[in-house]
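Asker: The residues making up each chain are set out below.
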Amino acid sequence: MSALPLFPFQTAAASSAQGRGVCDVPGVWQGSAWADTLQRTRSSGHAALDVQLPGGGWPQGAMAEVLQPLYAVREWPLVLPGLAQAITEGAAGRVVLVAPPYEPFAPALQAGGLPAHRLCCVQATAQQAKEAAWASEQALRCRDVLAVLAWLPQAQSDALRRLQLAAAQHGRWLWVFRPDTQREQSSPAPLRLWVQGRDAQLHVHLIKRRGPPLLEPVVLPLRNAALAAVLDAQARRKRLAQEDADRLLPSRQSPIAALRPAVRRPDAPGASHALDRTAPRRG
Amino acid sequence: MHWIALPHAADDAPQPGVPPEACAWWALRFSPRVALIDEALLIEVSTTTRLWGGPQALLDQLHRHAGGTNLLAQAPTALQALAQLRMLQAGRSLPRCLPHDLPLTTLTDVRPHARSLEHMGCRTWGALRALPRPGVARRFGSALLRTLDQAWGDVPHQPRWVKLPEAFALEAELPALVDSAGALVWSASRLLQALQGWLKGRHLGALVLRLEWHYHLRRLDGIQLPPWGGMDLRTAEPAQEMAHLQRLLKERLAHCTLAAPVDRIALRVVQTGPVQAGSASLLPPGPEEAKGDPWHELQERWAARLGADRVQAVHLHADHRPERMQCWHPMAVDAAPHPSSAAMPAQTRATDARAVLWPAWLSQPPQPLRVQQHRPCLQGPLNLMVGPQRFEAGWWERASPAGAHARGECATGLARREYFVAHNAAVGWVWIFKDLLQAQEQSAWFLHGFYG
Chain A
56 MSALPLFPFQ
66 TAAASSAQGR
76 GVCDVPGVWQ
86 GSAWADTLQR
96 TRSSGHAALD
106 VQLPGGGWPQ
116 GAMAEVLQPL
126 YAVREWPLVL
136 PGLAQAITEG
146 AAGRVVLVAP
156 PYEPFAPALQ
166 AGGLPAHRLC
176 CVQATAQQAK
186 EAAWASEQAL
196 RCRDVLAVLA
206 WLPQAQSDAL
216 RRLQLAAAQH
226 GRWLWVFRPD
236 TQREQSSPAP
246 LRLWVQGRDA
256 QLHVHLIKRR
266 GPPLLEPVVL
276 PLRNAALAAV
286 LDAQARRKRL
296 AQEDADRLLP
306 SRQSPIAALR
316 PAVRRPDAPG
326 ASHALDRTAP
336 RRG
Chain B
40 MHWIALPHAA
50 DDAPQPGVPP
60 EACAWWALRF
70 SPRVALIDEA
80 LLIEVSTTTR
90 LWGGPQALLD
100 QLHRHAGGTN
110 LLAQAPTALQ
120 ALAQLRMLQA
130 GRSLPRCLPH
140 DLPLTTLTDV
150 RPHARSLEHM
160 GCRTWGALRA
170 LPRPGVARRF
180 GSALLRTLDQ
190 AWGDVPHQPR
200 WVKLPEAFAL
210 EAELPALVDS
220 AGALVWSASR
230 LLQALQGWLK
240 GRHLGALVLR
250 LEWHYHLRRL
260 DGIQLPPWGG
270 MDLRTAEPAQ
280 EMAHLQRLLK
290 ERLAHCTLAA
300 PVDRIALRVV
310 QTGPVQAGSA
320 SLLPPGPEEA
330 KGDPWHELQE
340 RWAARLGADR
350 VQAVHLHADH
360 RPERMQCWHP
370 MAVDAAPHPS
380 SAAMPAQTRA
390 TDARAVLWPA
400 WLSQPPQPLR
410 VQQHRPCLQG
420 PLNLMVGPQR
430 FEAGWWERAS
440 PAGAHARGEC
450 ATGLARREYF
460 VAHNAAVGWV
470 WIFKDLLQAQ
480 EQSAWFLHGF
490 YG
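For the protein sequence lines, the chains are A and B, in the order given. Counting in our numbering, the first sequence runs from 56 upward without gaps. Counting in our numbering, the second sequence runs from 40 upward without gaps.
If you are wondering where the hints come from, they were derived from the structure by calculation, not from laboratory data. Don't take every hint at face value.
Unchecked claim - No more than 27 Å apart at the CA atoms, straight line, and that leaves these computed lysine-lysine pairs for DSS-like:
(1) A:K185 with B:K202
(2) B:K330 with B:K289
(3) B:K330 with A:K185
(4) A:K293 with A:K185
Chain A extracted, bound-state conformation (with noise of 0.2 Å):
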């Protein structure tokens, strides 16, 4: 008989919303509404992203998956400005390297605000995916860890699973950043971005999120303003060179007769050259 209900829940949603006209069953939500905020989150320090982030920062207690592509190492510009941040608030704790790709250099994060002595890395070979795992997980149960940042390109699900469980019973920030290979498989992460560099940029795609989904990317500078402008400062040396040199050019057959255009003088351009000049006779 067809009359059961297929679907009792469903169809008792399905009147409620009917009667009242929007949906306001407690751990249900529209699709295009932000997820309930009961998750602590702090600040990641990029204001473009804190907007597009549910709770309006990186979950504390849950698991963030970054995906980039192999070699890319992206992860300092997108984490240290929160964990900075985060650190001038007073958060207490050390953070934890799981399986580096390679060395971090302390003094150009301790520069960007994450103090040396709050860095504690553990070594694991490729090989070793199980025991980096591992090794995370027990971070997470420590008191006195603040954030764990693991790179674990070889996980499996079941790992990752652990890791968002132990994660989420203590309320620690987690990090885990893998491969965007495995970006088409599931994951159990409830935020997942994707992270791709264009020149100077940072995109990030938020590929998932509880919240309605996100089809433009975050855009994010990936280097510091300081390194920005000392790039900017070299590339408009080495322009005005490059205009110096284009001026030199065309005239390069006879070098000599073409040092009088060349030589730039903004004060005086109607003026001789001082070797022109004769020199003053002595009275």
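For chain A, the structure is supplied; the task is to place chain B on it using the hints.
Answerer: Below, chain B alone, put in the same frame as chain A:
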């Protein structure tokens, strides 16, 4: 006098080698007067009841520590408590009039005479006490009368008190020969339980333990074996809870191999320290309250499984060479501050002008780059965007073998380099340097960092 009788835990798990007293050590934290009589553990608590917050609170604590057993009897004398416990263990309800109506079989010393007494119509303690004493003494011996007096509390009862040994050293026979180290964990955990009782009784925490195992064979394949093998187990903070030590032991044993089958193990405490009892908070913990294991436990667990050199901390040094600016070294548990770590306070670092150009990742050791048409190449020619930043450092040092890659034949640790920020589309932004000491050679360019 207030006696509490508990069933003794040792009877269900015979552990040869472990003295039965060791199973009563845990009770010494509740009272200094603990005795083992026959199959029961008896605790005299009249002097410590107030310390534990009243009789009910003390009973609750005992219930919790006794390992889930609900049987527990209390009485003014030890033998009465024991008799009540025996009745409860037999599943019988207690008589209304105590101790008059307790059956005679509940007294150990009366048991041999219980049958003849029963023929006389004498079944309870009260009936036996009502008999004329000279006649009872003549017929059954004066020991019976003395036991009855002790049970009644008329004469003092001095059982053999359980005492804690000065040093903890226990040996246990294994139930079977063991040839893999992992199988020692179970037996060792029994010893650790006894250790916990010892530590709690002495208000100490274990710092260094030594677990040893006795080889069953004197020689194996013609090689003389030492009689004992063993390992040390260390922890940074004095530990009284065994969960952490047990986990460490498990990890350490998993990496151990036994030279020969083992028939006995021994556990010794090498070093102890005073332990601070944590005071509980009056308020329930809030969501912000940190929960979890302390840092040193995490660190020891990592070290036990992965090896101590895999867990690294960093020290910063004042130097111009990037590879010398930081030193990743195995994290010591009780780390004394590094001598040169004070050379560079954190504040000066943050405002260092050079910091602008530092990358977040180092490629260590520096990776030599190919040179094509006088340009360094890494998956294509690199464009030098910023630089050069030049320094000359390290002339005061002798060359280290690790640093020899970039310094060639130089006898000192001299490094003269020009650093550039370089870019190409394939690898992104990198930090490279030109080794001026090798400038005449072809491979003078090295990759030293990544910006991402």
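Asker: Can you list which hints this structure breaks, lowest number first?
Answerer: 1, 4
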